[in-house]
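A.B. asks: The residues making up each chain are set out below.
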Amino acid sequence: MEHRPDRLLVELAAQGDGESFTELCRRYYGPMVAIGHAILGDRHLAEDAAQEAFAKAAVHLPRLRQSDQFGRWVAAICRNEARDLARTRRQPQTVDETATENAASSGGDETGEAVKAALSQLSPEAREVVFLRFYDGLSYEQISAVLGISEQAVNGRLRRAKKRLAEDLRRQGFGEVAL
Amino acid sequence: MNERKDERWLDDQLRRVVNAGRPEFDAESWKGKHRTEYEVLLSRRGQPIQSGRRVVVAWWIARLAIAAVVFLAVVLFIPGSPPAHGPERSAGLVADSAAEMMTMRSLRMAYEEGGFDGLDRQLQNTLDEFGPRSSSVSLRELF
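Protein chains in written order, with our numbering: chain F, 1 to 179; chain L, 1 to 143.
Rather than coming from a laboratory, the hints here were simulated on the basis of the structure. Where hints are given, some of them may not hold.
Facing chain F, from chain L, some residues (calculated, C-beta under 8 Å) [as the list claims (entries may be wrong)]:
hint: 1; residue: D6
hint: 2; residue: Q13
hint: 3; residue: V18
hint: 4; residue: R22
hint: 5; residue: P23
hint: 6; residue: F25
hint: 7; residue: A27
hint: 8; residue: H34
hint: 9; residue: E37
hint: 10; residue: L41
hint: 11; residue: L42
hint: 12; residue: S43
hint: 13; residue: R44
hint: 14; residue: R45
hint: 15; residue: F116
hint: 16; residue: Q124
All residues carry an ideal CB built from backbone N, CA and C; glycine is no exception.
So that you can see chain F by itself, here it is in the shape it has in the complex (with noise of 0.2 Å):
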């Protein structure tokens, strides 16, 4: 079941095969909750969320015409789940406590709360993106599949969130940040 590529999963579980969904459920958790996240600012939201999203995808699913794009497709519901949630709790589309807990619990403090300002300022794709990237450690041929872009593209636009973040640590007293 974990190496069936996602069109037959999707072709099965359209026809009413829980297992399958099941298990593309199971393949992009992980990078829905990243989406979530990066909107919602805060880990059990974007998990909700993710959950939200994976429901109204078994109601729909018989309207996915490419099934191998499963990923990008569950991705634009998530996205819709989770701007409808910050906007029913009016939830600032920061970085959370809980992703920086981690920063504080191994030093990270001042850094982490730059970096974490930093990142509230990217526009919402460039933190989707690096989110997707640093979250769980998307290779760029998955973040390409959620996204529905290019690998290079992907590339492209990690680069340009990640300069921009540099350049807003540089102005932040972290001087060194020059990429």
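With chain F fixed as given, assemble chain L onto it according to the hints.
C.D. replies: Structure of chain L alone, referenced to chain F:
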């Protein structure tokens, strides 16, 4: 600090700030929480094929229909005379005449031998052999 070191430093910082631990999908909990949606998914078991595949099947039916029309045109409107030499048989033919090539039995045989590709070959062979080059093909050859 050089650019490479800076990039590594930034990557480390991002990993520390962004990485909140690998999220694991708890299938059972999700199924319990979204029972209705999951049941909608399960309820599709045994239903006819989905729209995308339906389009593919419709496309094949259209191809079969076109091939049948071409075949009928050949049979009905083109007078034949006995050829000097019999038509050369292509590799992979599963029927002896054009009429037989288009019977359900031979189409099924072609499909069983090679799936849709086999069926396509069969239709293509029929068209190649009895398609519109006609004057050299007689009714006798066709049947």
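A.B. asks: Starting from the hint list further up, note which numbers the structure goes against and sort them upward.
C.D. replies: Hints 15, 16 contradicted; others consistent.
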